[in-house]
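Chains L and Y, in that order, give the protein sequences. Each residue of the first sequence is one higher than the last, beginning at 1 in the UniProt record's numbering. Each residue of the second sequence is one higher than the last, beginning at 1 in the UniProt record's numbering.
Take these hints with a grain of salt, some might be off.
[Unchecked claim] Below 30 Å or equal to it, Euclidean Cα-Cα: the simulated BS3-like pairs (lysine-lysine) are:
no., chain 1, residue 1, chain 2, residue 2
1, Y, K71, Y, K122
2, Y, K310, Y, K225
3, Y, K9, Y, K50
4, L, K115, L, K71
5, L, K9, L, K50
6, L, K225, L, K249
7, Y, K50, L, K50
8, L, K71, Y, K249
9, Y, K115, Y, K9
10, Y, K71, Y, K115
11, Y, K71, L, K249
12, L, K333, Y, K333
Think of the hints as simulated: they come from the structure by calculation, not from any bench.
2 protein chains.
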Amino acid sequence: MGDDDNDVKVFRVFCIATADTKSEELLFLSNSVQSNLDIFCNHNPSQSSKIQVTIVDVSASMHKKDATSFKNFSYVTREDVLSCYYEAKHNKQQEESVAKTLPSDRGQAIAVMSKALEIFLKRALDNQLLAGAIGLGGTGGTSLLSNALRSLPVGIPKFIISTVASGHTSPYIGTSDLILFPSVVDICGINSISRVVFSNAGAAVAGMVAGRAFGLGDTLNVTKKMTVGVTMAGITTPCVSAVKERLEKLGFETLIFHATGVGGRAMEDLVRSGAIQAVMDITTTEVADYVVGGLLACDSSRFDAVLEMKVPLVLSVGALDVATFAAKQVPSKYHQRNLLMHNEQVIWSVYLLNLRSMHIFPFLALCINVHLVSSVFLFFFFFLNRGLFTMNESSILIRSVR
Amino acid sequence: MGDDDNDVKVFRVFCIATADTKSEELLFLSNSVQSNLDIFCNHNPSQSSKIQVTIVDVSASMHKKDATSFKNFSYVTREDVLSCYYEAKHNKQQEESVAKTLPSDRGQAIAVMSKALEIFLKRALDNQLLAGAIGLGGTGGTSLLSNALRSLPVGIPKFIISTVASGHTSPYIGTSDLILFPSVVDICGINSISRVVFSNAGAAVAGMVAGRAFGLGDTLNVTKKMTVGVTMAGITTPCVSAVKERLEKLGFETLIFHATGVGGRAMEDLVRSGAIQAVMDITTTEVADYVVGGLLACDSSRFDAVLEMKVPLVLSVGALDVATFAAKQVPSKYHQRNLLMHNEQVIWSVYLLNLRSMHIFPFLALCINVHLVSSVFLFFFFFLNRGLFTMNESSILIRSVR
Numbered sequence: 001m002g003d004d005d006n007d008v009k010v011f012r013v014f015c016i017a018t019a020d021t022k023s024e025e026l027l028f029l030s031n032s033v034q035s036n037l038d039i040f041c042n043h044n045p046s047q048s049s050k051i052q053v054t055i056v057d058v059s060a061s062m063h064k065k066d067a068t069s070f071k072n073f074s075y076v077t078r079e080d081v082l083s084c085y086y087e088a089k090h091n092k093q094q095e096e097s098v099a100k101t102l103p104s105d106r107g108q109a110i111a112v113m114s115k116a117l118e119i120f121l122k123r124a125l126d127n128q129l130l131a132g133a134i135g136l137g138g139t140g141g142t143s144l145l146s147n148a149l150r151s152l153p154v155g156i157p158k159f160i161i162s163t164v165a166s167g168h169t170s171p172y173i174g175t176s177d178l179i180l181f182p183s184v185v186d187i188c189g190i191n192s193i194s195r196v197v198f199s200n201a202g203a204a205v206a207g208m209v210a211g212r213a214f215g216l217g218d219t220l221n222v223t224k225k226m227t228v229g230v231t232m233a234g235i236t237t238p239c240v241s242a243v244k245e246r247l248e249k250l251g252f253e254t255l256i257f258h259a260t261g262v263g264g265r266a267m268e269d270l271v272r273s274g275a276i277q278a279v280m281d282i283t284t285t286e287v288a289d290y291v292v293g294g295l296l297a298c299d300s301s302r303f304d305a306v307l308e309m310k311v312p313l314v315l316s317v318g319a320l321d322v323a324t325f326a327a328k329q330v331p332s333k334y335h336q337r338n339l340l341m342h343n344e345q346v347i348w349s350v351y352l353l354n355l356r357s358m359h360i361f362p363f364l365a366l367c368i369n370v371h372l373v374s375s376v377f378l379f380f381f382f383f384l385n386r387g388l389f390t391m392n393e394s395s396i397l398i399r400s401v402r
Numbered sequence: 001m002g003d004d005d006n007d008v009k010v011f012r013v014f015c016i017a018t019a020d021t022k023s024e025e026l027l028f029l030s031n032s033v034q035s036n037l038d039i040f041c042n043h044n045p046s047q048s049s050k051i052q053v054t055i056v057d058v059s060a061s062m063h064k065k066d067a068t069s070f071k072n073f074s075y076v077t078r079e080d081v082l083s084c085y086y087e088a089k090h091n092k093q094q095e096e097s098v099a100k101t102l103p104s105d106r107g108q109a110i111a112v113m114s115k116a117l118e119i120f121l122k123r124a125l126d127n128q129l130l131a132g133a134i135g136l137g138g139t140g141g142t143s144l145l146s147n148a149l150r151s152l153p154v155g156i157p158k159f160i161i162s163t164v165a166s167g168h169t170s171p172y173i174g175t176s177d178l179i180l181f182p183s184v185v186d187i188c189g190i191n192s193i194s195r196v197v198f199s200n201a202g203a204a205v206a207g208m209v210a211g212r213a214f215g216l217g218d219t220l221n222v223t224k225k226m227t228v229g230v231t232m233a234g235i236t237t238p239c240v241s242a243v244k245e246r247l248e249k250l251g252f253e254t255l256i257f258h259a260t261g262v263g264g265r266a267m268e269d270l271v272r273s274g275a276i277q278a279v280m281d282i283t284t285t286e287v288a289d290y291v292v293g294g295l296l297a298c299d300s301s302r303f304d305a306v307l308e309m310k311v312p313l314v315l316s317v318g319a320l321d322v323a324t325f326a327a328k329q330v331p332s333k334y335h336q337r338n339l340l341m342h343n344e345q346v347i348w349s350v351y352l353l354n355l356r357s358m359h360i361f362p363f364l365a366l367c368i369n370v371h372l373v374s375s376v377f378l379f380f381f382f383f384l385n386r387g388l389f390t391m392n393e394s395s396i397l398i399r400s401v402r
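Please take these sequences and the hints and turn them into a complete structure.
Okay, here's the thing in structure tokens:
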């Protein structure tokens, strides 16, 4: 519905940070987003709605400084955000004194604030107020914000200007479409670099929000076609391409996931959300990495989503004889194996399976046996290609998926 | 200057990918960027310029398929891109037959194509044609594109829709402001997920480009104020804040860099580019990580840029007694030390220096001695704070910087 403001629906772009320490940067960013929105949207033929920036404070420090006044912007205090958490926790309206408390432990305080922000954003989404969200922060701030932002559905504009965008980002992004802008310099005032970075970020956010408002963006809808998730790696591409082509001819939509650890998790998250209704897990190489400690490993929950949701599953062993290691980190016990350089960052350690010493098949069997599955087909394609059973050609029974 | 098209300057947003395998996705993305640009910019009061998408092919495969026709878009073939490389290499116009060759080795072919793209983009920048650039790719494509895109100056819109945005991004982003959009699913056709991701990305790119066109964005200019780079970590924040405040009162601009390995490199890159004219390297903890194999390590080139450019340098030992390790990877020899949990992802291993066994000071001394430096001041702040010499309070001589 949106806020009603003289019969004009107001949608919100939330600009979020710890206002006790980042108020200057937050105000600059908010001004940038709003200025760009005003230009991009002010010729919108339908003036029945408008998009406005709202500043949200998520300060988690005990010794709270008074936040700067953010004139021109509507402002959500950290107490407002926290009250979402306590209401949800106690399932009723709390007295004000309770709602304002934060745990004294810094880690716990951040965790509570992060959860509170997640609930706050979820409410705004449910009330159809949320047009997008952008935060800014260092290591701690990115952690606090990313937990909340990545819980929003794929497609909702979600950004963080972060000092850790160039680094190990999977703890922050996970399997979501959260976008990290590299801050280049520390987030510590407005200077010649941060002015450029924040201006650019504000314009990008405004662009994505405006694009969706004009209907150029697409909302994530469960398509009417049945969607099949398919796992792929370089060496299983010929098989997956053939599967994809045949499935599409038969009227299915396919989503391809690179078997990188993240890819498998992304597929499982979309299975849980209902966006994927069947899975052809052709490339299970993540299990090999899990068992031997490789780079692209799944964890023990691999297959859980598929089995819990009882979606039709075709399971195969593509690239299961391959594990991947960082360039100089192939364990010495594999140095005798057939090693294949993939690119500068990653090396593929290719080796024949030793069924007795490997725990791959027991792992797969366990996953399947401990669950009641509607339809699981386990195919072993022992195509001996250069002495391995990587899949360069194969045919897959797809009737089982229908 | 831009292309002249009936006295209208045309600026270019380059949409770049390997068109032999990604033509469908490239066309969809290009349409998204252009549609959004048309809406955001078509009310530009100054119609003396326009912004158009140009598609660029960087296919590096030997068996080149004919690229799809990209009607409605101007199109740069891979031969055009390659010819930039060979012209630059041989410093003269090459015959066409030479310009079209690519090495047969895939890795080398990708390296050549990447370098060619870098030169191509540099020329477009120099000719003032370049409004922005967006690419899309998997692991290989991201590597090819990122090498070229991150060479563009800070502020120029640069994006890649990538399958590896959620992962180890520093090899791709380095110290630049390159933005990676998580592709969520593999880049393999247009489906219910990629349609949303590409539409959003196209709108964000158009927004950033339009924002800059309207002058809301800021170009990176060397400010008239002298800019001082300062290194910081959590425990040196009080010192750095005091330094920053005093420098700003004295009319300097400060850029703060978190000492995370990336931060130090970012500062040095900006020193080389001339954006920083003096350095207060207060927090040299990256050297400790380098020496003991920690997470936030610099490499042996730390300090080289400062010394090469002969900028005034104040060098100190902030947090030099602290090394940082991933949560479960603190080497056993440090388990007796004073360990401090920082957050879930990172643990700080705090220990007293053992000057005889550590190579930190010889390393620092070597860096300084082997270069002729205009002014190097080495300060040792042995503030015994809980038995350590982390810096919670200190004063820095800043007269030397002026």
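The hints, checked one at a time:
no.	hint	result
1	Y:K71 x Y:K122	holds, 26 Å
2	Y:K310 x Y:K225	holds, 18 Å
3	Y:K9 x Y:K50	holds, 6 Å
4	L:K115 x L:K71	holds, 27 Å
5	L:K9 x L:K50	holds, 6 Å
6	L:K225 x L:K249	holds, 12 Å
7	Y:K50 x L:K50	holds, 27 Å
8	L:K71 x Y:K249	holds, 26 Å
9	Y:K115 x Y:K9	holds, 28 Å
10	Y:K71 x Y:K115	holds, 27 Å
11	Y:K71 x L:K249	holds, 26 Å
12	L:K333 x Y:K333	holds, 25 Å
Of the hints listed earlier, there is not a single one the structure fails to meet.
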